[in-house]
Each structure stands twice: as C-alpha cells, then as structure tokens.
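Sequences are here, hints too, so could you generate the full structure?
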Amino acid sequence: MSLYFVVGTVLVSVSIILILFLKSRKERVELKSLRDLKSSLAANESKESALLLSIADGVYMVDTERNLTMFNPAAEEMTGWTKEEAVGLKCWTVLNLKNEQDDSICQNDCPAKKVWTSGENIVRDDTCFIRHRGAKSVQVSSSYAPIRNSNGDYSGAICVFRDITEKKEVERQRNEFVSTASHELRTPITALEGYISLAENGKICQIDEKAHEYLDKAHQTALGMSDLVKNLLTITKIEDAKIQISVGDFSIHDLAGETVEVLQPFAKEKNLYLKLNEVENQEIKGEKAIGRSLNVRADREKIREVLYNLIENGLKFTTTGGVSISINYDKDFSTVTVSDTGMGISSDGQQHIFEKFYRVDNTATREAGGTGLGLFITRSLVEMSGGRIWLESQVGKGTKFYFTLPRSID
Amino acid sequence: MAKLLLVEDDMALRDIYSTRFLAEGYEVVTASDGEQALTVAVKEKPDLILLDVMMPKISGFDVLDILRTTPETKDCKIVIMTALSQPADVEKGKMLGADEYLVKSQVTLTDVVEKINSVLKK
Numbered sequence: 001m002s003l004y005f006v007v008g009t010v011l012v013s014v015s016i017i018l019i020l021f022l023k024s025r026k027e028r029v030e031l032k033s034l035r036d037l038k039s040s041l042a043a044n045e046s047k048e049s050a051l052l053l054s055i056a057d058g059v060y061m062v063d064t065e066r067n068l069t070m071f072n073p074a075a076e077e078m079t080g081w082t083k084e085e086a087v088g089l090k091c092w093t094v095l096n097l098k099n100e101q102d103d104s105i106c107q108n109d110c111p112a113k114k115v116w117t118s119g120e121n122i123v124r125d126d127t128c129f130i131r132h133r134g135a136k137s138v139q140v141s142s143s144y145a146p147i148r149n150s151n152g153d154y155s156g157a158i159c160v161f162r163d164i165t166e167k168k169e170v171e172r173q174r175n176e177f178v179s180t181a182s183h184e185l186r187t188p189i190t191a192l193e194g195y196i197s198l199a200e201n202g203k204i205c206q207i208d209e210k211a212h213e214y215l216d217k218a219h220q221t222a223l224g225m226s227d228l229v230k231n232l233l234t235i236t237k238i239e240d241a242k243i244q245i246s247v248g249d250f251s252i253h254d255l256a257g258e259t260v261e262v263l264q265p266f267a268k269e270k271n272l273y274l275k276l277n278e279v280e281n282q283e284i285k286g287e288k289a290i291g292r293s294l295n296v297r298a299d300r301e302k303i304r305e306v307l308y309n310l311i312e313n314g315l316k317f318t319t320t321g322g323v324s325i326s327i328n329y330d331k332d333f334s335t336v337t338v339s340d341t342g343m344g345i346s347s348d349g350q351q352h353i354f355e356k357f358y359r360v361d362n363t364a365t366r367e368a369g370g371t372g373l374g375l376f377i378t379r380s381l382v383e384m385s386g387g388r389i390w391l392e393s394q395v396g397k398g399t400k401f402y403f404t405l406p407r408s409i410d
Numbered sequence: 001m002a003k004l005l006l007v008e009d010d011m012a013l014r015d016i017y018s019t020r021f022l023a024e025g026y027e028v029v030t031a032s033d034g035e036q037a038l039t040v041a042v043k044e045k046p047d048l049i050l051l052d053v054m055m056p057k058i059s060g061f062d063v064l065d066i067l068r069t070t071p072e073t074k075d076c077k078i079v080i081m082t083a084l085s086q087p088a089d090v091e092k093g094k095m096l097g098a099d100e101y102l103v104k105s106q107v108t109l110t111d112v113v114e115k116i117n118s119v120l121k122k
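Protein chains in written order, with the working numbering: chain L, 1 to 410; chain Y, 1 to 122.
Hints are not guaranteed to be accurate.
[To be verified] Derived CB-CB ranges, DEER-like:
1) L:Leu185 - Y:Asp65: 27 to 33 Å
2) L:Glu100 - Y:Pro87: 23 to 29 Å
3) Y:Ser118 - L:Glu100: 43 to 49 Å
4) L:Leu185 - Y:Pro87: 22 to 28 Å
5) Y:Pro87 - L:Arg388: 22 to 28 Å
6) L:Asp216 - Y:Ala12: 28 to 34 Å
7) L:Gln220 - Y:Gln86: 25 to 31 Å
8) L:Glu85 - Y:Gln86: 45 to 51 Å
9) Y:Ser59 - L:Met384: 27 to 33 Å
10) Y:Glu35 - L:Glu184: 23 to 29 Å
11) Y:Ser118 - L:Asn277: 35 to 41 Å
Worth flagging that the hints you see were computed from the coordinates, not collected in a lab.
The structure presented is a predicted model; accordingly, all values stated were derived computationally and were not measured.
Even for Gly, the Cβ is constructed at its ideal location relative to N, Cα and C.
Rendered as structure tokens:
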C-alpha cells in the first residue's frame, strides 16, 4: 500500500515537474517570438519613419473622412504646418489645393476622394498649387494612391507631392529665351528674303540663269527658316499657356472651303486633286439637319491653321491621287476627315507623329522639308478648342487625319 | 511720280524697301525713328507714308495719331507695316486712321508694292 503510495506520489511529482518544465519552456519560446515580432515591428516602423523623414517629397495620409493621419517633415516645410497641428485636421484646411485658375480643387475635385471612389492612382501633373501658411503659393506635382485595410476596404489615401516652382521657373526662362531669340531672328530673315528678292528683280539687277537658280534655292531656305521661327514662337506661347483663344461660332464647312481654295494652286502644281466633299444631310436627335448650316464653336483662325497644316501635309506627301476633306456631325461634335492617297505612315511613326520635333525619317520627308513642329502645334490647337485628333494610316495606301470640334449650342 | 516716306528703324529693311520703291519709279525719302518721321513728313509732304510701329523714341501708333491731327499731314495716305500681328493691334491701327495694315511676316516685297499702288489709286 505504502509502496504504491510512494510510487504514485513520485510519478505525479515527476509529471507535474515535467508539465511545469514544458510549460515554462513554451512560455519562454512564446515570449521570445513575441519579443522578435516586437523588435521587427519597431524596425519596420523606424524604417518607415526614416523613409518619410528623409524623403524630399511631401507625404501625407488621410482617412476616408479626409482627416489627416500622417504628415512628414517635407510636407511640414512646404506647407508651414507642423505634424502636431496638421494631424487630425481636415486635409483641405491644411493643404488648400488650387488649380491654375485659382479655383479650389479640394472643394470641387478632391483627388484623395477620387482614389477611393475609383480605386485608381491619380497623378495630377504640374497644375496644382498649395497655399503655404506664410501665404505664398507653391506649385506642386502630386500623385495619390488608395490605402486598403486588412479586409480589403478602402481606408483612405496617401499623397506624395513635390515642389516644382523652380522647375517651372527654368521652363519659363527657357521659353522666354526661345521666344526672344526667335523674335530677334525674324528681322534678319526678312532682310535676307528682301535682298534675295532685290537680286532677282530684273528692274534692279541683271543676273544669269545659274545665279537665278541658286537665289531661288536661297529663297526657299529663307522661307523655311521663317516658318521654323514662326512655329517656335507658337510653341513657346502654347507651353506658356499664353496663346489667346477667341472662341466663336462658325461654319467649319465654309472654313474648309476657304482653305482648299488657298491650297488649290499647290495641288495643281503637283497634279493632284484637292476637294471638299459636300456634307450630306444627316439625322441628328431625330431631326433632319442640313450639315452645312451646322456651326462649330472654336477659334476660327486657329482652326484655319489646323486645316491648312493637315491639308498641306497631305499634299506634300502625296505624288499620285490627291487629298479630300469630308465633314460629319453627331449630337455634340463635328468630325473633319482629311484623307490623302500618299505614302502613308508606319505604325511606329504613328505613335510619335504628334510629338515635338518628331519627323518620319525617309527620303520623302527629307525632300519635302519641314520642321517637325506642325503636327505638335496642330494637336495643341485642336485640344485647346475642346476637340481631339487622331489618324489612321497604311504604308503605301494613304493617311486619314480626323479631328473633332464641339458643335455650337443652338 | 508719287513721293513715299519710308519709316523703318532697321537699316537693312530701309535699304531693301527704298531700292525696290526706286525701281518701281517712286521718289523715296526715309526716316529711322518716330521723331524723324514727323519732321520729314511735314517738310517733304509725301503722298504716302509706310510706317513701322515698334521704333525708338515715338512709336508708330503715336506717330500715326499725331499725323492725323496735324493739318499738313492729316490727308496723307498711311500704310502701317509692322511685326505686330494681334487682332487688337490691327484694330488699333485702323482706329487711328491707317489706310492699310500690313504684317511683315505675312507679306512679300511684291505684295507691299501692290498694296502701295492700290492705296495711292484710291
């Protein structure tokens, strides 16, 4: 009995000791992993704050109520608010985003709100201003991304913004330089053209045929320079947003007719046809509408330049056939199509054709001359008028340029 | 033959235009700034003045305004020829009483001669 008792007691004690030992070991392991987790979390946190501390861009976070939840030192510097003051406040109180027209972006077009309603990232490039607390305005380029919680729901947004005041100033100075240089070039080019014209005038000079031929070439070169200068001036105006748009209602059909007439001699010289197709009467909103009488709302002179550029380009790069223009209407827009039967543009060329100084490089473009600025200007002018421009082309078959313009409101 | 007063501050352009006008059979007098233009206009009584706008001392617009209010020159034909091409500038020139407004980058030497001939015939 007592032997059983002793053995039982020993067994129970051993079990208890064993259990206690195992438990304490488990606790030790658990404690260690907790400590590891804590230190790795702390490491992450310090990594994050080091990142936010060292980054030169302003960074802030908002929740879906648009309360600021994070505000880094660069944001403090750019806005004049400290993190302690800013966190907890509504983002519009601190940032007060404005567009170029000085309208509030926060009220009408909150980009942070947009990211969690659309779920997409937004990059608002260069057109946004924040008000520094010291009242000076800082031009920023900013981007936004949505934040999700562990359930996958949107919990807010993160914004990164960069002061681009200096970059813009450099751009402005560059444009001013190009503009001044172009203006200064105008007078000598005019003089150059003038002297060539005097030399070729029979009442003033007697020169032989060879000299005539060379002077003709010099004259063409001077005209090319003069075009280049004109285009450079237009581009600096476009980039400085200084171009004046005076919008009015006019018949795009009549304007196309006038442009066709001006370019008809050039087409004849190259033995090409140039025609404006009659507009068919179309049904719009269930009503019969006479196409010709439908007006568009845009800057007439700018659209004249667009038509001129597109038709002249078509004629330049066409050797047989010609160029035709047609106009169609839908409820809100008028679409102008300029089709040529020329050499066409490769798909690689099509991707870059509207870029500044881009030229499709082949024998024909080298012979035709040009600055590589015409289509860049054309696109800018169409877009300024609220339209868009695109093309369809097949090498060897021809090219169709399309552009739209908003119709007048009846 | 009709007498032209050419007002142009750029020496090369003055040389080019006057050579061409002489070849067309016009008598040509010149001025290189706005102040000189006013003196020469009163003294020479030209039939037509070809007037630049951006010039030293007095601008072409001011010259035009003074010429139109001076008895000796108020009926003289005046053609503005300038680099300024904005609609507001053209409007201003016409309002001040120019008979014709030409933009330098938009006309050739022959165009200028034709315009002068047609203004003189009016």
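Hints, one by one, checked against the model:
1. Distance hint check: the CB atoms of L:Leu185 and Y:Asp65 are about 31 Å apart, consistent with the given range 27 to 33 Å.
2. Between L:Glu100 and Y:Pro87 the C-beta distance comes to about 24 Å, which sits within the given range of 23 to 29 Å.
3. At roughly 46 Å, the beta carbons of Y:Ser118 and L:Glu100 sit within the given window of 43 to 49 Å.
4. For the hinted restraint 22 to 28 Å between L:Leu185 and Y:Pro87, the CB-CB distance of approximately 24 Å keeps it satisfied.
5. Separated by about 27 Å at the C-beta atoms, Y:Pro87 and L:Arg388 satisfy the suggested range of 22 to 28 Å.
6. Here the CB-CB span from L:Asp216 to Y:Ala12 is close to 21 Å, at odds with the stated 28 to 34 Å.
7. A C-beta distance of roughly 29 Å is found between L:Gln220 and Y:Gln86, which places it inside the suggested range of 25 to 31 Å.
8. Between L:Glu85 and Y:Gln86 the beta carbon distance is about 49 Å. The supplied range of 45 to 51 Å therefore holds.
9. One distance hint, 27 to 33 Å for the beta-carbon pair Y:Ser59 and L:Met384, holds here, with the actual separation near 31 Å.
10. Judged by the Cβ atoms, the range 23 to 29 Å given for Y:Glu35 and L:Glu184 holds: they are separated by roughly 24 Å.
11. The hinted range of 35 to 41 Å is satisfied by Y:Ser118 and L:Asn277, whose Cβ atoms lie roughly 36 Å apart.
In terms of the numbered hints stated before, the structure departs from hint 6 and from no other.
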